[in-house]
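**Q** The chain contents come next:
There are 2 protein chains.
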Amino acid sequence: MKITCVQENLQKALAHTSRIIPSRSSLPILENVLFSTDQGRLKVSATDLELGINYWVGAKIEEDGSLALPSRLTTEFISNIKEDKVSIKSQGVDVSIEGEKYNATIKGIESEDYPLIPDITKDFIFSVSTKDLQTAISQVAFSSAADNARPVLSGVYFSFDKDTLKMAATDSYRLAEKTIKVVKGEKVAKNFIVPSRAIMELGKLLKDSGDKVEVCFDGNQVLFSLGSIHLVSRLIDGQYPNYTQIIPTDFESEIEVDKEELFTVCKVASLFARESANSIKINIKPDKNKEGVGILAITGQGNQIGESTSKITVKALGKELEVSFNAKYILDVLPNILEKKIKLKLAGKINPCLIQGDGKQDYTYVIMPLRA
Amino acid sequence: MKITCVQENLQKALAHTSRIIPSRSSLPILENVLFSTDQGRLKVSATDLELGINYWVGAKIEEDGSLALPSRLTTEFISNIKEDKVSIKSQGVDVSIEGEKYNATIKGIESEDYPLIPDITKDFIFSVSTKDLQTAISQVAFSSAADNARPVLSGVYFSFDKDTLKMAATDSYRLAEKTIKVVKGEKVAKNFIVPSRAIMELGKLLKDSGDKVEVCFDGNQVLFSLGSIHLVSRLIDGQYPNYTQIIPTDFESEIEVDKEELFTVCKVASLFARESANSIKINIKPDKNKEGVGILAITGQGNQIGESTSKITVKALGKELEVSFNAKYILDVLPNILEKKIKLKLAGKINPCLIQGDGKQDYTYVIMPLRA
Numbered sequence: 001m002k003i004t005c006v007q008e009n010l011q012k013a014l015a016h017t018s019r020i021i022p023s024r025s026s027l028p029i030l031e032n033v034l035f036s037t038d039q040g041r042l043k044v045s046a047t048d049l050e051l052g053i054n055y056w057v058g059a060k061i062e063e064d065g066s067l068a069l070p071s072r073l074t075t076e077f078i079s080n081i082k083e084d085k086v087s088i089k090s091q092g093v094d095v096s097i098e099g100e101k102y103n104a105t106i107k108g109i110e111s112e113d114y115p116l117i118p119d120i121t122k123d124f125i126f127s128v129s130t131k132d133l134q135t136a137i138s139q140v141a142f143s144s145a146a147d148n149a150r151p152v153l154s155g156v157y158f159s160f161d162k163d164t165l166k167m168a169a170t171d172s173y174r175l176a177e178k179t180i181k182v183v184k185g186e187k188v189a190k191n192f193i194v195p196s197r198a199i200m201e202l203g204k205l206l207k208d209s210g211d212k213v214e215v216c217f218d219g220n221q222v223l224f225s226l227g228s229i230h231l232v233s234r235l236i237d238g239q240y241p242n243y244t245q246i247i248p249t250d251f252e253s254e255i256e257v258d259k260e261e262l263f264t265v266c267k268v269a270s271l272f273a274r275e276s277a278n279s280i281k282i283n284i285k286p287d288k289n290k291e292g293v294g295i296l297a298i299t300g301q302g303n304q305i306g307e308s309t310s311k312i313t314v315k316a317l318g319k320e321l322e323v324s325f326n327a328k329y330i331l332d333v334l335p336n337i338l339e340k341k342i343k344l345k346l347a348g349k350i351n352p353c354l355i356q357g358d359g360k361q362d363y364t365y366v367i368m369p370l371r372a
Numbered sequence: 001m002k003i004t005c006v007q008e009n010l011q012k013a014l015a016h017t018s019r020i021i022p023s024r025s026s027l028p029i030l031e032n033v034l035f036s037t038d039q040g041r042l043k044v045s046a047t048d049l050e051l052g053i054n055y056w057v058g059a060k061i062e063e064d065g066s067l068a069l070p071s072r073l074t075t076e077f078i079s080n081i082k083e084d085k086v087s088i089k090s091q092g093v094d095v096s097i098e099g100e101k102y103n104a105t106i107k108g109i110e111s112e113d114y115p116l117i118p119d120i121t122k123d124f125i126f127s128v129s130t131k132d133l134q135t136a137i138s139q140v141a142f143s144s145a146a147d148n149a150r151p152v153l154s155g156v157y158f159s160f161d162k163d164t165l166k167m168a169a170t171d172s173y174r175l176a177e178k179t180i181k182v183v184k185g186e187k188v189a190k191n192f193i194v195p196s197r198a199i200m201e202l203g204k205l206l207k208d209s210g211d212k213v214e215v216c217f218d219g220n221q222v223l224f225s226l227g228s229i230h231l232v233s234r235l236i237d238g239q240y241p242n243y244t245q246i247i248p249t250d251f252e253s254e255i256e257v258d259k260e261e262l263f264t265v266c267k268v269a270s271l272f273a274r275e276s277a278n279s280i281k282i283n284i285k286p287d288k289n290k291e292g293v294g295i296l297a298i299t300g301q302g303n304q305i306g307e308s309t310s311k312i313t314v315k316a317l318g319k320e321l322e323v324s325f326n327a328k329y330i331l332d333v334l335p336n337i338l339e340k341k342i343k344l345k346l347a348g349k350i351n352p353c354l355i356q357g358d359g360k361q362d363y364t365y366v367i368m369p370l371r372a
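Each protein sequence line maps, in turn, to chains F and V. Be aware that the first sequence starts at 1, since it is given in the numbering used here, and climbs by one per residue. Be aware that the second sequence starts at 1, since it is given in the numbering used here, and climbs by one per residue.
Next up, chain F with everything else stripped away, as it sits in the complex:
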């Protein structure tokens, strides 16, 4: 292998691919990134066997070849040097990287042992706008389950039909669902569950990519093509729960409140809720003398430490109601709602509650109350 490329481009490719590499793996070759020439470009690849990234970089190729290089050292070297261009040349398993001031020889490993990242670009299903997908990821992925007790819940559910894509995630205590428009799609409806770790990585890659993301699916794997970056992930086997039935449609009380203000009062109450597993009490009291106005009081309480109640005036409709929630589930969603005003719709003490922005109704967040 003998190539020349722009240092800044190589640095980006290494930063994005090396992020998925574990610092210690039971399979030592996975601690490496794979450099290989590919049709006039340099392809930088990384995989942990569940998730793989191919990142193509423009390069002047003088001699084709491939080699696996230690990920951490190579990434740190390339990101610390200040050069316009670097020349990369292999001699056996050694690679010399040369710039004007900086140069290094790094010991690599034969590329034959490096696991293949499958290419399923022929199985195109649909494409979406990068910006829409980015928003959907930030609004949905955090709601998936952190553990693997029920594997399907540790992923994000994609359901594509005609011209819309729904993405959903739930850990069975709260649910997030986002609907986005598809730019171009095949005729067949498809759905699949992608591990949320892959979705988080995809979210980071999207910052560095073009307008459009193509999604390909072959039954076992999904590929997100961002032009010169491909992310391939295995899928989670199993049936995703029919979550639509728990999204409430009838409500007893409804308030509209400033997002920042709701965040602060929930945060303050949660400080006093550490003993009680983060349980905070929300009390809505519509003003009897003033239609559409009411008081929202939020309380956190711990026997050992004390208690706090904050009161704010809000728009309120419906009945007086007091419900307990896990503060974390409210604090998680608020920064991901794009609108400044929040609607909180309650269906009684034991039924799911709906949180939405006051704008487009394409994002739905549902939380279960706690028994007081």
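Any copy, or any two copies together, can satisfy a pair, since identical chains are not distinguished.
Heads up, simulated BS3-like pairs for lysine-lysine below, C-alpha to C-alpha not over 25 Å straight-line:
(1) Lys101 x Lys315
(2) Lys315 x Lys349
(3) Lys340 x Lys281
(4) Lys82 x Lys343
(5) Lys212 x Lys360
(6) Lys259 x Lys85
(7) Lys341 x Lys82
(8) Lys101 x Lys288
(9) Lys101 x Lys12
(10) Lys311 x Lys89
(11) Lys85 x Lys2
(12) Lys187 x Lys166
(13) Lys101 x Lys340
(14) Lys101 x Lys319
(15) Lys328 x Lys82
(16) Lys341 x Lys311
(17) Lys187 x Lys122
(18) Lys341 x Lys319
(19) Lys315 x Lys285
(20) Lys101 x Lys259
Hint data in this document are derived by calculation from the structure and do not stem from the laboratory.
Chain F is fixed; fit chain V onto it per the hints.
**A** This is chain V only, laid out in the frame that chain F set:
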């Protein structure tokens, strides 16, 4: 106790005092901050028995009193709420804190059990400018020993005489010394060793204080008075090593180099020096045909991983020389040198090396070479 004060001022006081409070202490009362009224102001105090801070806040006092409050909860509550003013009122060991929207009741502890922070303001020795002291702390404190193998080395040495203060720290592999002018001083010379942890905290407090710092010393303790903030620390017993004798004065080679550039080449070499305890090789080669110019080459090498050499053109005087250093000791000092150009003065393969900025000679940094 019944007082009213500005939330923002109380927040600052709590942020600065609670920082020295351990999250778990063998003496549970130390997990609290002490609120007490003091001559028309509120005094917020914290101590870990070695280091204590008193922070006075303007307040409207309706009823004098004092109480210890859980540090973390109180600090988080006050910093999260958005209020202009808060009213604080004690009832037994409970304290109610009230604003317009937010209010809380926090369980406290009787103040009698809270350790006293000594006041030694009568033992004034000297005062210095806040800015000078801040610079000196950032330039010196990092060089003290991280462990307690030789207790005196875990502190910063203060030596005051007439109109100058010298501050020094060494871990026996490197030494930093800064000289600053005293604004006002007593006639007697004094020296003492302050734990570097106290000095680091002092550095953070200085960001929030007036022009001048008064230093008081009573033989066992030192007090830094920053107007409405007092930091009191115990001193380290023992004789500080006579370090001046190791500061070299005769040199074989000298270079002048851009600070950022030297940082980058040392950083890059250090990536390859992990196997060899961070040892990097510095080679200075004056150009035989061009007076005052030379090449600086810095190499890091690990048998398992490879090697890297960077070369930069520098101003150079004296002999050709190759010396090994711990890269960390060079990387530590460079961000703390104010000047853009660095002088590196070498006295051979085994003698201490001097690093200075090219400006005022009030800051000296010495490192010992490594045997190759």
